[in-house]
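In order, the protein sequence lines correspond to chains A and B.
Counting in our numbering, the first sequence runs from 1 upward without gaps.
Counting in our numbering, the second sequence runs from 224 upward without gaps.
Source of the hints: derived by calculation from the structure; they are not laboratory data.
Honestly, I wouldn't trust all of these hints.
[What the hints assert, rightly or not] Cut-off 20 Å, straight-line C-alpha distance, at most; resulting in silico cross-link-like pairs (EDC-like, lysine to aspartate or glutamate):
(1) K274(B) / D463(B)
(2) K272(B) / E255(B)
(3) K297(B) / D37(A)
(4) K297(B) / E134(A)
(5) K158(A) / E185(A)
(6) K493(B) / E580(B)
(7) K92(A) / D283(B)
(8) K587(B) / E360(B)
(9) K92(A) / D37(A)
(10) K85(A) / E401(B)
(11) K546(B) / E401(B)
(12) K519(B) / E360(B)
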Amino acid sequence: MRCLICFEQLLPKVDWTSFLTVQKPIKLCVSCMEKFDVIDEPGCKGCGRKEGNGLCFDCERWNLSEYSGVLEENVSVFGYNDFAKELVARWKYRGDFTLVHAFAEAVQTKYKNHFHGMDAELGAIPLSVERLLERGFNQSEAVIAMLGASPHHFFKRKGNEKQSKRGRVERIMGENPFVLMDSVECPVVLVDDIYTTGMTVRHLARLLKANGCPRVHSFTVFR
Amino acid sequence: MLQEKISFSREQLAGKLLTMQELPFSPEDVNELVRQSILNKIPSIVTTKGKSVCQRCGNDRSYLFAVFPHSTCKNNTCLYCRNCIMMGRVTQCEPLYEGAAVIWPQHADPCKWDGQLTVSQEASAQRIVSAIEQKSELLVWAVCGAGKTEMLFPGITAALQRGLRIVLATPRTDVVRELLPRFQQAFPQVRIQALYGDSEEKQGDAQLLISTTHQLFRYSRAFDVVIIDEIDAFPYHNDDSLQFAAGRAAKTDAARLYLTATPRKKEKAKIRKRTLPAVFIPQRFHGHPLPVPRLKLILTLKRHLSKGRLPQSIIKTIQIQQKGSRQLLLFVSTITYAGAVKAFLENDFNVASVHAEDPERGEKVQRFRDRTIDILVTTTILERGVTFPSVDVFVIDAGHHVFDEAALVQIAGRAGRSPVDPDGDVIFYHFGKTNAMLDAQEAIIYMNKKARKEL
Ligand SMILES: [Zn+2]
Ligand SMILES: [Zn+2]
Ligand SMILES: [Zn+2]
Ligand SMILES: [Zn+2]
């Protein structure tokens with residue numbers, strides 16, 4: 001076996017326990033594993049960031065805006081450190097899909113621990129046609145599949161404007177680029193790779209809530 | 224009629240090996256170009272008996288392949304190559320596109336270089352000319368400072384006269400940058416392009432290309448003459464996929480030239496068995512011997528290294544050295560230590576440091592060349608290719624494993640490059656001799672002996 005990220009040869013530990021129990025295959029070397037910045041307890045209950053105490057400035061502002069109360073919370077598994085940035089770039093932009101397995105286990109555990117008992121639908125974030133053609137997969141659907149669920153396609157993209165090309169202000173104030181295709185009366189967890197400004201999930205959450213969904217949560221791999 | 228609809232030139236595509244994503248055309252236009260045989264479809268990943276091979280990078284290691292649910296082809300286990308993914312993903316379901324060959328112009332008298340080759344350079348240059356004419360293989364083993372670039376000029380002239388397409392590929396970006404102006408001066412009427420990771424030039428559709436070996440991944444059966452400079456250098460010498468790419472970029476009957484100052488065991492064995500024709504140039508172009516490195520034991524060196532400092536005795540030597548007219552190249556083993564040494568010397572000397580990831584590397588090297596910096600602290604990144612006219616060379620911790628024999632010979636070869644100042648002090652500071660140090664010293668003494676015999 002090789003480390004999924006750095007291709008370093010992995011030497012399986014052989015001791016008494018490995019004879020007695022069925023071990024899960026190791027996917028990462030210790031040094032890559034240690035580079036993940038695990039968020040055990042979020043500093044901000046609103047957006048799930050690691051730093052801080054109570055509600056952060058951004059979340060306070062959301063609460064004062066027209067989006068107040070639209071989103072219950074965001075829960076993330078890892079901090080978006082330099083290592084994560086590089087990993088996401090390889091995974092999403094270069095298209096090295098299999099890197100999803102590098103964080104699968106931690107993501108599954110976090111989801112189970114946090115959302116257990118909640119009978120929620122997992123909502124996928126749609127990609128524009130161009131992005132999908134370029135990447136060949138939708139990162140949000142990839143994470144949902146990793147959670148053993150099938151994604152619910154609530155939304156469609158209106159135009160094909162590239163989000164990252166627009167400034168933050170424009171993004172925050174911009175009109176909702178999504179259209180609701182389907183509605184539900186159960187809670188929804190929107191799943192994506194990263195929570196950055198939180199605008200996208202709020203656009204989506206507002207649509208869902210306006211159409212009968214009681215609660216909308218957000219779950220991302222990185223924050 | 225096609226040209227009216229699709230804007231492109233055949234040269235732009237000739238010998239290229241690209242994915243659909245890399246082609247600047249719509250899928251419909253690509254299909255039209257395929258119908259016209261201007262592009263040929265090539266399977267991207269070939270699987271036989273359960274073993275897959277990526278046709279772009281030659282990867283055949285199973286752990287460097289993976290599968291994914293591909294939204295384009297709807298295959299849940301679409302195979303892709305992880306080895307060359309930094310250049311864009313190659314998937315099993317999409318072919319690679321190879322541009323058809325074109326006829327390149329014949330240049331009657333392309334070389335305007337007015338320099339003169341020495342007698343021994345001339346003899347080697349003739350060997351290169353005949354290797355190109357006969358489209359054969361040749362290893363050119365020339366010591367650092369032999370003037371191998373100039374020795375290539377007659378061969379490249381012969382190739383251009385015949386309308387051949389040529390690539391001079393080197394593992395190092397710095398070398399590409401340094402070679403381009405020299406070639407542009409020598410062949411002013413020929414279109415020459417330099418290609419490397421972040422080069423301004425992206426097209427790579429000239430008849431004469433100077434590129435990093437990495438860029439060869441995007442070529443297939445493109446070149447009549449493939450010259451690989453520094454075949455023994457990292458990463459080319461230990462990267463199968465780069466060697467695969469270099470082989471694939473050559474036309475089947477291409478002339479293949481390999482240049483090195485420090486051949487590895489593999490090449491030496493081939494030379495001995497006479498399976499690889501070789502020409503040996505032990506003498507520098509100015510006729511002076513290579514500076515022989517001195518080994519200097521400093522027992523306290525290890526302790527100073529760990530603190531990011533230099534021992535007093537080295538500092539004293541630097542002070543004396545700096546009173547002379549030469550600049551100083553100070554080689555160190557790690558990036559961290561390079562920074563530390565620079566900070567340590569900063570107060571007393573005019574010093575800068577460079578390493579591979581340094582964004583200002585090109586600029587700092589230029590400043591050293593312009594003599595606005597007196598001391599350049601560097602990792603092995605500057606061990607080869609770059610030349611400065613008048614430097615002394617110190618290696619700190621020469622016993623470190625990054626300094627293998629080839630690296631040390633190359634490093635020593637930075638000194639005494641100019642006929643005006645053909646000498647230079649080369650000192651290997653260490654706290655325990657290594658074979659690499661002794662072998663490097665011995666190799667240099669051997670070359671000098673060979674060169675004397677030639678006179
Ligand atoms: Zn690893
Ligand atoms: Zn917050
Ligand atoms: Zn596919
Ligand atoms: Zn490949």
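Against the structure, the hints come out as follows:
| no. | hint | verdict |
| --- | --- | --- |
| 1 | K274(B) / D463(B) | holds, 17 Å |
| 2 | K272(B) / E255(B) | violated, 34 Å |
| 3 | K297(B) / D37(A) | violated, 34 Å |
| 4 | K297(B) / E134(A) | holds, 14 Å |
| 5 | K158(A) / E185(A) | violated, 24 Å |
| 6 | K493(B) / E580(B) | violated, 35 Å |
| 7 | K92(A) / D283(B) | violated, 24 Å |
| 8 | K587(B) / E360(B) | violated, 37 Å |
| 9 | K92(A) / D37(A) | holds, 19 Å |
| 10 | K85(A) / E401(B) | violated, 33 Å |
| 11 | K546(B) / E401(B) | violated, 29 Å |
| 12 | K519(B) / E360(B) | violated, 41 Å |
Hints 2, 3, 5, 6, 7, 8, 10, 11 and 12 from the list above are not met by this structure, while the remaining hints are.
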